[in-house]
Structure formats: structure tokens, C-alpha cells
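**Q** These protein sequence lines map, in sequence, to chains A and B.
Heads up, the first sequence is in numbering that gives the first Met the number 0, so the first residue is 0 and it goes up one at a time.
Heads up, the second sequence is in numbering that gives the first Met the number 0, so the first residue is 0 and it goes up one at a time.
Honestly, the hints are just simulated from the structure, not real lab data.
Being a predicted model, the structure only gives us computed values, none of them experimental.
Any given hint could turn out to be false.
Lysine to aspartate or glutamate pairs mimicking EDC-like chemistry, simulated, CA-CA at most 20 Å apart [as the list claims (entries may be wrong)]: (1) A/72 - B/328; (2) A/14 - A/67; (3) A/11 - B/328; (4) B/405 - A/16; (5) A/26 - A/175; (6) A/187 - A/120; (7) A/66 - A/16; (8) A/11 - A/67; (9) A/129 - A/67; (10) A/29 - A/186; (11) A/72 - B/313; (12) A/124 - A/175.
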Amino acid sequence: MITLEGITKSYKMGKRDLVVLKGIDLKVNKGELVAIMGASGSGKTTLLNICGCLDRPTTGKYYFEDKEVSRLKSGELARIRGQRIGFIFQTFNLLSRITALANVELGMTYAGGVNRQQAIEALGKVGLAKRIHHRPLELSGGEQQRVAIARAIVKDPTLFLADEPTGQLDSSSGEEVMSILLSLHAEKGTTLIIVTHDASVAHRCQRIIHIKDGEIIAEENL
Amino acid sequence: MTKLVGLLGAVWGGVITHKLRSFLTMLGIVIGVAAVIILMAVGKGTTQSVVSRISSLGANTLFISPGFTQTSGVRTAFGSANTLTQEDATAIAQNVDNVEYVAPSSSATVQAIAGDQNMRATVTGVTPDYQQVYSVTMAEGDFITSDDYSSTARIAILGATVATTLFPDSDPLGQQVRAGNYIFIVTGVAASSGQSLQGSTDNDILIPLSTLPLLGGQTLTKTGDHVVRSIGVMETDSKDATQVTNDITTLLLDRHNISDPTQADFRITSVEALLASVNSITSQLTLLLGAIAAISLLVGGIGVMNIMLVSVLERTREIGIRKALGAKESDIWMQFLIEAAFLTFAGGIIGVIIGWGGSYVINRLGLFTTIVTPDVIILAVSVSIGIGIFFGFYPAWNASRLEPIKALRTE
Numbered sequence: 000m001i002t003l004e005g006i007t008k009s010y011k012m013g014k015r016d017l018v019v020l021k022g023i024d025l026k027v028n029k030g031e032l033v034a035i036m037g038a039s040g041s042g043k044t045t046l047l048n049i050c051g052c053l054d055r056p057t058t059g060k061y062y063f064e065d066k067e068v069s070r071l072k073s074g075e076l077a078r079i080r081g082q083r084i085g086f087i088f089q090t091f092n093l094l095s096r097i098t099a100l101a102n103v104e105l106g107m108t109y110a111g112g113v114n115r116q117q118a119i120e121a122l123g124k125v126g127l128a129k130r131i132h133h134r135p136l137e138l139s140g141g142e143q144q145r146v147a148i149a150r151a152i153v154k155d156p157t158l159f160l161a162d163e164p165t166g167q168l169d170s171s172s173g174e175e176v177m178s179i180l181l182s183l184h185a186e187k188g189t190t191l192i193i194v195t196h197d198a199s200v201a202h203r204c205q206r207i208i209h210i211k212d213g214e215i216i217a218e219e220n221l
Numbered sequence: 000m001t002k003l004v005g006l007l008g009a010v011w012g013g014v015i016t017h018k019l020r021s022f023l024t025m026l027g028i029v030i031g032v033a034a035v036i037i038l039m040a041v042g043k044g045t046t047q048s049v050v051s052r053i054s055s056l057g058a059n060t061l062f063i064s065p066g067f068t069q070t071s072g073v074r075t076a077f078g079s080a081n082t083l084t085q086e087d088a089t090a091i092a093q094n095v096d097n098v099e100y101v102a103p104s105s106s107a108t109v110q111a112i113a114g115d116q117n118m119r120a121t122v123t124g125v126t127p128d129y130q131q132v133y134s135v136t137m138a139e140g141d142f143i144t145s146d147d148y149s150s151t152a153r154i155a156i157l158g159a160t161v162a163t164t165l166f167p168d169s170d171p172l173g174q175q176v177r178a179g180n181y182i183f184i185v186t187g188v189a190a191s192s193g194q195s196l197q198g199s200t201d202n203d204i205l206i207p208l209s210t211l212p213l214l215g216g217q218t219l220t221k222t223g224d225h226v227v228r229s230i231g232v233m234e235t236d237s238k239d240a241t242q243v244t245n246d247i248t249t250l251l252l253d254r255h256n257i258s259d260p261t262q263a264d265f266r267i268t269s270v271e272a273l274l275a276s277v278n279s280i281t282s283q284l285t286l287l288l289g290a291i292a293a294i295s296l297l298v299g300g301i302g303v304m305n306i307m308l309v310s311v312l313e314r315t316r317e318i319g320i321r322k323a324l325g326a327k328e329s330d331i332w333m334q335f336l337i338e339a340a341f342l343t344f345a346g347g348i349i350g351v352i353i354g355w356g357g358s359y360v361i362n363r364l365g366l367f368t369t370i371v372t373p374d375v376i377i378l379a380v381s382v383s384i385g386i387g388i389f390f391g392f393y394p395a396w397n398a399s400r401l402e403p404i405k406a407l408r409t410e
């Protein structure tokens, strides 16, 4: 599915370079369910952003579906993001001024075309059939995250990337979100990478990758 | 297509969520467009009313007036000299080609009395050609004929105002008017001509030029020629204006023994030339008015840019989300550009409505004649869209260049 070879990432901070990733080699197979664990500042979100074509590595090669994409033009990266990748963020990242349905449709806008019926179905799958006309601020955190999941699945992406999906939720909402993500993986066999520092979340995955200071320090297969 | 719908939805969402801000953005354009339309309408209306007043004289007429006298280096005003004569008029009629009518005239101011009414009136001595050259229309009776002229008939044509003043209750035709020490029989009343460039016949009493000396209204030159105040000439066609003007100039210079044309003791004003210069002056004034109004449009445009920059900043996170969902730079760019163009277009339309209405009201109140032409409206609306695109370009470009992860991190 994806292969990372010697990925590094550094940011300019004044005169100093801040090195966030120090040479990551990683391969995730199609249909795998992988957790990336690490303390905050370990570089796990940066790694996820690179996997999601939101950010480019400073050096190294990134193969997305066997294609080297790290040097592609921004427009081509945008197309990959739009059609192949579904993001789920810790802070949901919904547009607060539009309804749940419109937020899901927004996901389709840049993926090829809006289909209202599919958008309603996607909201039904995450259990929000009755709340499609609510705005994000009228929904609970768990519901908002489920809207975000609906926004991602409606495009039928090949790769799901979830950045601390339960980080801002109470345990029961978090459990709901996790079970939706896991059933999604189980039903469709979509590749799913979850960044988390919650061990209970990580232990529901097939493989855990431990990151510390921009390097992979351990991998466990469960 | 679906992408376009999504784009327009995004634009509409951006506009409608910030109603007040969108309204204020539009306001600058509304005022600018309305100002351009109203000022241009006033300019065009004024031009048209001036031009129509001048052309009522007939585009194929020209007027010769006497020049100045020069005594020991002091020039007196134009028209004050006794240099133009009836004999000049005869010579023009005989020698210059393409001249249809020549109307020399001179006048005296006298007290006119009829019954128990009296008034100060200008008595103008004219020849039969006067009617054509000065477009006098008769309300009653006939104009002065060549028989009247050659027989020095004591007849009078009354201007409209004179007729109503001297004969408030009766028909003046056939009645007597006393002017100076002589009695004139009224044989005609001219229709009201309104104010025009060469004055109006409304306050005049017209008599045969040959009769005018009775009233002391015509003097003689040293050589015994009959002095006139003005000679009106009508060409066969307005195309001949230049040739006729040149021929008359040559003829009069020769008759007056003047070799240097800059020393000419007469002045020729052609309606055609007058129209051309009035047109060029008023159209420049109209342009100037438009340019002043356009400055307000420009200021409105800078307002649009300002607000769009704020809008981009405020929606950084939205841009990040859109990019994460697969929006290309061009999608974001288009969204903000269309939003700016939409705001200015809507502002332009509202401005047209206000400008049009304002012009109508100004016209109805009688402040100015206003004319709203489609070209000004089309120009104003397309300029307002252009302003949106021009001033929206930079903010939209700014938005499209935001890096997604940085944009997402913004709160």
C-alpha cells in the first residue's frame, strides 16, 4: 500500500533546523490496521501528514500505491488526497457554518462529484441519520467525529488516516468512534493507520509502531 | 459541473455567513457605480441640452459680427465697431458660392406704445432672408417681404412676448404700434422661439431694414455705406461651411482693405464650428466627472481587497480543511476570486439601480437634464466585476498558497 524509505523531515526554526523525523523506513500492506504510538512531539503526526500527502518529506522516498509521490506537484498531491485518502482529525475539522450533510458533501466536492443520496447513506452508517441537518456546534464531540468519519468514507478511499481520533472524546464516545473505525476496516478491508498515545486504542490494531524523537524504536505484531 | 456547483455553494456560503461584512464590501462599489452613472448622466444630459439649443439655429448657418476698433493701441470689445455694412451683405450674396440666404440686421432700442400699453423693445431691421437664417416661425400673418423692404413699409412683426405685452386682450394683427415717433402697422406675430444662442425674437419688433434709419437705428460709414450689427448667412449645405467661411473672409478682407488676416475687423461664427467645440468641451467635462466618480470606484475596490484579505485570514482553517479534502490551489483560488467578483458584481447591479433611480429623480426635480445610456451601465458593471477580479486576485492567491498543515493548525 505505502512504503517509506529513509524519510526525514526538518523545519527551519530561525537559524536552526528542527529535525522532526530522522530517517523512517516503514511499509504498510494493503488492508493492514496499524497504530503509531509515541509521546507528543515524537513526530507521529508529521509522519501521518506525510503518509497523507499533506506534507512532503525533506529527504527520502514515499511510495503511495507503488508510485513515488513525494516530489509530485501540489495539484497531483491534492488529487490523491481527494480521491484515495480519508482523514480523521483529533479536532474533527468540520466547517462549523454548514450542516453535517453539507460537510459530508464537501468531502465529495473535491473527489469527483456530490451525490446527496450517498452522503445521507454515509451519515446513516455512522448512526447520524436523524441529525443530518444539524450544524457541528449542535452535535456532541462524538457525533462530530462521526460526521468526520462519514465525510471520509463517502469517498470510498483506499487509505484511512486517523490522527488521535478519540483524543478529545470521553471514553464512551471514543469507544463508539473506535468501533465504527474497526468495523469499517473489518467490512471493507480498508487500510487504516491510527496515530494515538492511548495504549487501549493501539492494542486493538494488528501492529503497533513505536516512535520516539523522530525514529521508529520498536514494532510489535499483535 | 458538480465541481462548479460546489464552488458556487462555497462562494455563496462565504457571502451569506458574513452578511454585514459582505454588505459593507459591496457598499463601496455601490456608491462608486452609482456616482459614475449619475455624473455621466448629468454630463451627457447637459451636453445634449446645450447641443440641441445650438443646433436649433441650424447647423448650416454662420454669423458675421463686426470686429474691434483700434485707436492708439487700445482694442475695444468685439462687435463695437461700425465695420460691417449692408453693402458687405450684398457682396456676399452676389459673390460667394453655396450661399442660400444672407440676412443683415441692425437694431435700436425704443419705447413701443400700443393703446395704453408700453414697453422698452428692441426694434430690429431685417431683410426677408432673416426668416430663414434665424428660423422665425410665424404665429399669425406674414413675414416681411422684399416689396415691404423696397417700399420702406412701416410695418412690424411682433415677437411673442412683445405681442402679449402690448396687446394683452386683443389680436395685434392690423393694429398700430408706435415706436419712437413713427406708427407701424402690425402685419405678423412670430411664434415663441425660446432662448437660443443668438438671443430670441420673443422680445423683438422686426421691421424692414430699409425703414430702420427712421428710428435712428442705422448709421453710415465715412464712405456712405449702411452699418449693420450682424450678418447671418445660411449655406446651401452644412458641408460647405468651411468653403463659405473662407470665401467670406477673403471677400470681406478685400472689401475692408485689410491684408493681414489677423487684423480682420469682423468675426465669423459658424454654428457647425460652435457645435464641434461645445461638443468637445462638454464631452471632456463629462469624462472629467466620470473620472472623479471612478476614483470612488477605485477606493471601493481597495476596500474589497482589504476585506478579502481579512476574510482569507479568518478562513485559514477552512482553507486547510478544504485542502486536506483534496482541494487544489486552483480550487481555492477560484473560490475566493469568484467571491470577490460576486460581491462587486452584486454591488455593481445595486449601484446601477441606485444610479439610474438617482438620475431619474434629478431629472424630475429639474436640477439637471440627465441621460442614462446603456454603454455607461455596461461599462460600470463590467468595471465593477473587473475590480473584484483585480483586487480579489492577491487575496485569493494568498489563500491558495497556504500550506494545508499550517492552515489546519490555525485556530
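**Q** With reference to the structure, classify each hint as holding or not holding.
**A** The hints, checked one at a time:
About 11 Å separates the Cα atoms of residue 72 of chain A and residue 328 of chain B, which keeps this hinted pair within 20 Å; it holds. For the given pair, residue 14 of chain A sits about 31 Å from residue 67 of chain A by alpha-carbon distance, which is inconsistent with the 20 Å threshold. Simply put, residue 11 of chain A and residue 328 of chain B have alpha-carbon atoms about 24 Å apart, too far for the 20 Å limit, and the pair is violated. Between residue 405 of chain B and residue 16 of chain A, the direct Cα distance comes to roughly 17 Å. Compliance with the 20 Å bound is thereby established for this hinted pair.
Of the pairs offered as hints, the one joining residue 26 of chain A and residue 175 of chain A is violated, with about 29 Å between alpha carbons and a cut-off of 20 Å exceeded. Proximity of residue 187 of chain A to residue 120 of chain A is assessed by CA-CA distance (about 16 Å); at most 20 Å being required, the pair is judged to hold. Distance restraint check for residue 66 of chain A and residue 16 of chain A: the Cα-Cα separation of roughly 29 Å exceeds the 20 Å cut-off, and the hinted pair is therefore not satisfied. For the hint pairing residue 11 of chain A with residue 67 of chain A, the CA-to-CA distance comes to about 25 Å; that exceeds 20 Å, so the pair is violated.
Taken as a hint, the residue 129 of chain A and residue 67 of chain A pair is broken in the structure, with Cα atoms around 43 Å apart against an allowance of 20 Å. For the suggested pair residue 29 of chain A and residue 186 of chain A, the alpha carbons sit about 14 Å apart, so the restraint of at most 20 Å is met. This hinted pair does not check out: residue 72 of chain A and residue 313 of chain B have alpha carbons roughly 27 Å apart, beyond 20 Å. Using a Cα cut-off of 20 Å, the hinted pair residue 124 of chain A and residue 175 of chain A holds, with the two alpha carbons roughly 12 Å apart.
This entry does not satisfy hints 2, 3, 5, 7, 8, 9, 11, going by the numbered hints stated previously.
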